[in-house]
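Trainee: Here's the letter readout for the chains.
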Amino acid sequence: MTQKAWIPYVLVAPAVIFLGVLFILPLVQTLAMSVSDENGLSLANYTRMLGDLNFADALRNTFLLTLVAVPAQIVLALVMATMIAKIGRGRDLVLWVWVIPLAISDLAAGLAWLSILQSNGYLNSALHGLGLLDGPTPWLTQETPLALFVGIALAEIWRATAIVLVILVAGMQLIPKEYAEAAEVFGASPWQRFTRVTLPLLKPSIQSALILRTVLAFEVFAVVYALGGRNFPVLVGEAYVWQGENQNTGVAAAYAALIMLISMIATAVYIRVLRTPREQMA
Amino acid sequence: MNPAMSGPRRWLFWAGVAILILWVLLPIWLVAMGAFGGRPAVFQWPKSLLPGSLSLSHMAAFMNVEGVANAFLNSLIAAAVTVVLSVALGAPAGYALARYAFRGADAFKLLVLLTRAFPLAILALPLAVAFIRVGLYDSPFGVALMHTVLALPFAVLVTQSLFMGIPRELEEAAWVFGCSPIQAFFKVVMPLAVPGLTATAIFAFVISWNEVFAASVLTVRERTLTAYLLGVLSESPLHTRFAGGLVLILPSVLFVFAVRKWLFTVWGISGK
Amino acid sequence: MTNLTRRSLLAAGAALAAAPTAAQAQAGDLAFLSTQLRPVEEATKMREIILRSAPVRTTYVTDEPQNLTTRMRAEAQAGRRTVSLVGALHGELQPLAAEYLDPLDDVAATLADRGIPQNLLTLGKFGTAQQRYIPWMQATYIMAAHRRALEFLPAGADINALSYEQLNAWAGAIRQRTNQRRLGFPAGPRGLMARFFQGYLYPSFTGGVVRSFRAPEAVGAWEAMKAMWANASPASTTYNFMQEPLAAGEVWIAFDHVARLLDALRGAPNDFVTFPAPAGPMGRGYMPVIAGLGIARGAPNRAGAVSVIEYLSRPATQLRLAAETGFFPVVRAELPADLPPAVRLAANAIAATQNARDARVSLLPVGLGDKGGEFNKVYMDTFQRIVLRNENIRTVLDAEANALRTVMNATGAPCWSPDAPSDGACPVA
Numbered sequence: 001m002t003q004k005a006w007i008p009y010v011l012v013a014p015a016v017i018f019l020g021v022l023f024i025l026p027l028v029q030t031l032a033m034s035v036s037d038e039n040g041l042s043l044a045n046y047t048r049m050l051g052d053l054n055f056a057d058a059l060r061n062t063f064l065l066t067l068v069a070v071p072a073q074i075v076l077a078l079v080m081a082t083m084i085a086k087i088g089r090g091r092d093l094v095l096w097v098w099v100i101p102l103a104i105s106d107l108a109a110g111l112a113w114l115s116i117l118q119s120n121g122y123l124n125s126a127l128h129g130l131g132l133l134d135g136p137t138p139w140l141t142q143e144t145p146l147a148l149f150v151g152i153a154l155a156e157i158w159r160a161t162a163i164v165l166v167i168l169v170a171g172m173q174l175i176p177k178e179y180a181e182a183a184e185v186f187g188a189s190p191w192q193r194f195t196r197v198t199l200p201l202l203k204p205s206i207q208s209a210l211i212l213r214t215v216l217a218f219e220v221f222a223v224v225y226a227l228g229g230r231n232f233p234v235l236v237g238e239a240y241v242w243q244g245e246n247q248n249t250g251v252a253a254a255y256a257a258l259i260m261l262i263s264m265i266a267t268a269v270y271i272r273v274l275r276t277p278r279e280q281m282a
Numbered sequence: 283m284n285p286a287m288s289g290p291r292r293w294l295f296w297a298g299v300a301i302l303i304l305w306v307l308l309p310i311w312l313v314a315m316g317a318f319g320g321r322p323a324v325f326q327w328p329k330s331l332l333p334g335s336l337s338l339s340h341m342a343a344f345m346n347v348e349g350v351a352n353a354f355l356n357s358l359i360a361a362a363v364t365v366v367l368s369v370a371l372g373a374p375a376g377y378a379l380a381r382y383a384f385r386g387a388d389a390f391k392l393l394v395l396l397t398r399a400f401p402l403a404i405l406a407l408p409l410a411v412a413f414i415r416v417g418l419y420d421s422p423f424g425v426a427l428m429h430t431v432l433a434l435p436f437a438v439l440v441t442q443s444l445f446m447g448i449p450r451e452l453e454e455a456a457w458v459f460g461c462s463p464i465q466a467f468f469k470v471v472m473p474l475a476v477p478g479l480t481a482t483a484i485f486a487f488v489i490s491w492n493e494v495f496a497a498s499v500l501t502v503r504e505r506t507l508t509a510y511l512l513g514v515l516s517e518s519p520l521h522t523r524f525a526g527g528l529v530l531i532l533p534s535v536l537f538v539f540a541v542r543k544w545l546f547t548v549w550g551i552s553g554k
Numbered sequence: 555m556t557n558l559t560r561r562s563l564l565a566a567g568a569a570l571a572a573a574p575t576a577a578q579a580q581a582g583d584l585a586f587l588s589t590q591l592r593p594v595e596e597a598t599k600m601r602e603i604i605l606r607s608a609p610v611r612t613t614y615v616t617d618e619p620q621n622l623t624t625r626m627r628a629e630a631q632a633g634r635r636t637v638s639l640v641g642a643l644h645g646e647l648q649p650l651a652a653e654y655l656d657p658l659d660d661v662a663a664t665l666a667d668r669g670i671p672q673n674l675l676t677l678g679k680f681g682t683a684q685q686r687y688i689p690w691m692q693a694t695y696i697m698a699a700h701r702r703a704l705e706f707l708p709a710g711a712d713i714n715a716l717s718y719e720q721l722n723a724w725a726g727a728i729r730q731r732t733n734q735r736r737l738g739f740p741a742g743p744r745g746l747m748a749r750f751f752q753g754y755l756y757p758s759f760t761g762g763v764v765r766s767f768r769a770p771e772a773v774g775a776w777e778a779m780k781a782m783w784a785n786a787s788p789a790s791t792t793y794n795f796m797q798e799p800l801a802a803g804e805v806w807i808a809f810d811h812v813a814r815l816l817d818a819l820r821g822a823p824n825d826f827v828t829f830p831a832p833a834g835p836m837g838r839g840y841m842p843v844i845a846g847l848g849i850a851r852g853a854p855n856r857a858g859a860v861s862v863i864e865y866l867s868r869p870a871t872q873l874r875l876a877a878e879t880g881f882f883p884v885v886r887a888e889l890p891a892d893l894p895p896a897v898r899l900a901a902n903a904i905a906a907t908q909n910a911r912d913a914r915v916s917l918l919p920v921g922l923g924d925k926g927g928e929f930n931k932v933y934m935d936t937f938q939r940i941v942l943r944n945e946n947i948r949t950v951l952d953a954e955a956n957a958l959r960t961v962m963n964a965t966g967a968p969c970w971s972p973d974a975p976s977d978g979a980c981p982v983a
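Chains as they are written, first to last, in this note's numbering: chain R, 1 to 282; chain H, 283 to 554; chain E, 555 to 983.
Rather than coming from a laboratory, the hints here were simulated on the basis of the structure. A hint or two may mislead.
Computed footprint of chain H on chain R, listed as stretches where at least three residues anywhere in the stretch have a Cβ under 8 Å from a Cβ of chain H [said to hold, decoys possible]:
| id | region |
| --- | --- |
| 1 | 91-103 |
| 2 | 166-175 |
Here are the simulated lysine-lysine pairs, DSBU-like style, with alpha carbons at most 35 Å apart [said to hold, decoys possible]:
| id | chain 1 | residue 1 | chain 2 | residue 2 |
| --- | --- | --- | --- | --- |
| 3 | H | K469 | R | K4 |
| 4 | R | K177 | H | K391 |
| 5 | H | K543 | R | K203 |
| 6 | H | K543 | H | K391 |
| 7 | R | K177 | H | K543 |
| 8 | R | K177 | H | K469 |
Computed from a prediction, not measured in an experiment: that's the story for all the values here. The beta carbon of each residue, even a glycine, is placed where N, CA and C say it ideally should be.
Extracted from the complex, chain R is given alone in its bound form:
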């Protein structure tokens, strides 16, 4: 087959060239922008970014949101995936409904939750109906940071659990039924079957889901913007403000580089920690 060794390269080439021109090139340009100012190479943009009023908040908020939302999504998706495995008729319909948020733009998702969480929104209307509230109560303001955080986390969990669900259901389908049946024969309880058989075999899928979701979580923006405006700074939001309002592309580029760095570190950590030995995958 050696004379065909060039085939894979030819097949891959168009995609590589495409990404090279439309992604790598502008990426390098942007990174270059982040380490230069009017006088050439300098770290001035990074200094500015680190010293900015909102930087610490943006960093903390982005991490907190990721830390809270991602595990919640994984757990919720595991529950949903297990349920799907047990449904016979109507499985496809239920799965379709649960997957809908995947098809929704995050801007639209932010709007949907805004209608719920506004001070005269549906949540407050419901609480009012139950007698728990007197009148319109603001949840999304500066002065209620905890409520604002919970609201944003809820919206993010609603929006992004679907993609974890898809990955986990796909992974579950690959687990041969014989394993679980064998465990049952040996007297394992449902919980033991889940934690000892299903979960370990799902590790590759969970790893994929964690990597994907975490990287995307660090880029959260539209939902936060729709619900909180500038009350809840996040990294991409700050980059957007520096690029747009403050007209300073250098600092915006610095934020972008930081986000990329964090994403790559997180990916490396997940790959290390959730390493799957070959035998388990066979």
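Since the structure of chain R is already known, use the hints to place chains H and E on it.
Mentor: Chains H and E alone, transformed into the frame defined by chain R:
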């Protein structure tokens, strides 16, 4: 259905399923309420879950605003081109990754994943300049190029698992019967891959349809729908925002419904 | 790569692309990019009412101010332009002036008899010798209140001549007696709060904007702001346009740009009153807002753009614009007696502001180039630290004064009214 589930547990199980279904559908329903209810509904307190005074006139007024219909058309064009490009570029790459073990395969996969680690909106300025030079500025084509960058990772990885699922033996059997590798591919592999490729195409369509920021920066007059909405949304009254939100949501949801069987197959989550 | 891509793309999509894009390539067509009159309803009015009778067929495109510079820069860098006419605020045109706007002295000459005030025309030169924009329309910031708030007005206060103390007492009375905070400020991400600090708070308390940034009087200004904030709706940090909360009854007293209050006034003109912003120890500061029309350098249709500028400068057009949008004429034009009630309300407040005996004009910043955003950021950061985070006023003022100094020195911008003129960059005392 697991026969081991007894009465109360079954009830609990289905209650759980119903709650989760409601959890997903409720926010969308509420956007629709906001869109059809117009200005009076938005200010109403307390709000009711069921339609009070609804009318199509608000949505109609929104759709009639100048530029919306044109933007709709542009979104379609951009999404269609995205589909063609991402399948044309991604499928061969996915095939290569599935069938061949070659040096650089891992590097290529890393490159593909890297595109997701970077917030693409920041690349606006360098790309806008480049696009103007080659005449792609302010055109759905230029937008489609950026969207393809977004959709390509999915296309590559999904077609890779797709082709991995089609046994190599089928192609080799075709070779034995005298087909050239290319003929074997098109006669044997493609028919089996079409459902999966279609689903990939639909997914690329949805990605392009929903994308907001790149589209906003790369267009002036030939706006896509999302770019148009982002521009007017932040300063429109609330009922207009909900109308725009509904217009964003409905097509994607309907598309995914239409092709859910194929989509599920390619994602590996179809029923047994 | 480019040739190949171009050819293959064109070949593949010629049919698809032809329909929408061919429409633009006709002679006489004009692309008018504006950052003003963006919301759907106002943009529709521009298209259907104002521009319908323009001498050249005009495509009205709106965009957000932050995208304006990106777009002009990108177009200029690549040497190809789609936009001919640009309409934007003074501060938004400023970063574009030197490199991306055509000199308009010829146009200004032909409009000499329209009666555009000289000081506005001078603003359009950005401190240089050449005219970079023709003033298009003007507005300012006023206050509006729902009538039901009037019963809480402190005794003896004249609503058309309030002081900040009285405003605070008013909002405080509402809070004490109804347990709700009904004062509202546009402190949202797209709100114009920075202008409140630059054009209203600072001149009224300190008599200056930059020079007096950390003066002792500034401490008094921020203390007054903190007091008012305690009586203001906490959702103010999400308000971009005050007309919505005002119309919804969430807020009873609001400060904002005229055009961002108009919708509420239009909806129920008999329910609202309008009045000038309050006065502080040093007078009643106010900031006129000027929007201007510029022609992009290298515009595809300069002649068309000039004729549209002429059309938009006609008194009849400007009066129509005032009636529809709340932006008032810059040319000599008598406001007719049959103005819609909402516009009449706005016009009254504006007149009261401009004619107040203790009025102090705070001009728009001149000479800040593309650092306008960072200039605003100093004031907004100061607000965030002092009012929202409760930091020590003196410490914050000293720290942010350094940031302000950096901006002024980087741009070399000289002082502008109400600060006394300076040689070179405006100093922060």
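Trainee: Taking 8 Å as the C-beta cutoff, is the stated coverage of the region 166-175 of chain R by chain H satisfied by three or more residues?
Mentor: It holds, with 5 qualifying residues against the three required.
Trainee: Would you check the hint for K543 of chain H and K203 of chain R, treating anything up to 35 Å between C-alpha atoms as holding?
Mentor: Holds - the C-alpha atoms of K203 of chain R and K543 of chain H are around 26 Å apart, at most 35 Å.
Trainee: Could you grab the alpha-carbon distance between K177 of chain R and K391 of chain H and see if it respects the 35 Å cut-off?
Mentor: 31 Å, holds
Trainee: Are at least 3 residues of the region 91-103 of chain R within less than 8 Å of chain H when you compare beta carbons?
Mentor: holds (count 12)
Trainee: Take a quick look at whether K469 of chain H and K4 of chain R sit within 35 Å of each other, Cα to Cα.
Mentor: Holds, at about 20 Å.
Trainee: Is the hinted pair K177 of chain R and K469 of chain H satisfied, with a Cα-Cα distance of at most 35 Å?
Mentor: 34 Å, holds
Trainee: For the pair supplied as a hint, K177 of chain R and K543 of chain H, confirm whether the alpha-carbon distance does not exceed 35 Å.
Mentor: Answer holds: K177 of chain R to K543 of chain H is near 23 Å, not above 35 Å.
Trainee: Taking 35 Å as the top limit, are the C-alpha atoms of K543 of chain H and K391 of chain H close enough?
Mentor: 27 Å, holds
In this structure, every one of the numbered hints holds.
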